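Residue numbers (numbering that gives the first Met the number 0): 0 to 81.
Hints are supplied without guarantee of correctness; some may be wrong.
What follows is a list of derived Cβ distance ranges for each label pair [what the hints assert, rightly or not]:
#	residue 1	residue 2	range
1	H22	M47	33 to 39 Å
2	E6	Q28	44 to 50 Å
3	R57	K27	41 to 47 Å
4	H22	R44	29 to 35 Å
5	R44	T14	41 to 47 Å
Since the hints were made in silico from the structure, they are not lab data. Bear in mind that the values here come from a model prediction, so they are computed numbers and not experimental data. Virtual Cβ for every residue (Gly too), placed ideally from N, Cα, C.
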Amino acid sequence: MQSELNEVTMILDDTARYSDDLHRAIKKQAKQISSLNNQYDDINRHLMDITDILEKSRTRCQSLQSELSSVQSVLETKTHRI
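Based on the sequences and whatever the hints tell you, model everything.
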């Protein structure tokens, strides 16, 4: 009876240690997930900023292209008059 009790106690101790190890691993992985999530959010914000800058640059480029076309048209008109 005593040996059975000792065996059950050892199994219970092993199970408790295993459970503690699993809890530590889960905690560590939760921190890693949180860190990765924060990095993802930072990268996503950065990507949105870059997309914004790119859109503004595209709009400015179109505006300059339009202005260039107007200037070219005026120059052609003046050149044909001369």
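Consistency of the hints with the structure:
Taking the beta carbon of each, H22 and M47 are about 37 Å apart, inside 33 to 39 Å as hinted. Between E6 and Q28 the beta carbon distance is about 33 Å. The supplied range of 44 to 50 Å is therefore violated. Checked against the hint of 41 to 47 Å, the pair R57 and K27 passes, with Cβ atoms roughly 44 Å apart. The beta-carbon spacing between H22 and R44, approximately 33 Å, falls within the hinted interval of 29 to 35 Å.
The hinted window of 41 to 47 Å between R44 and T14 holds, with their beta carbons roughly 45 Å apart.
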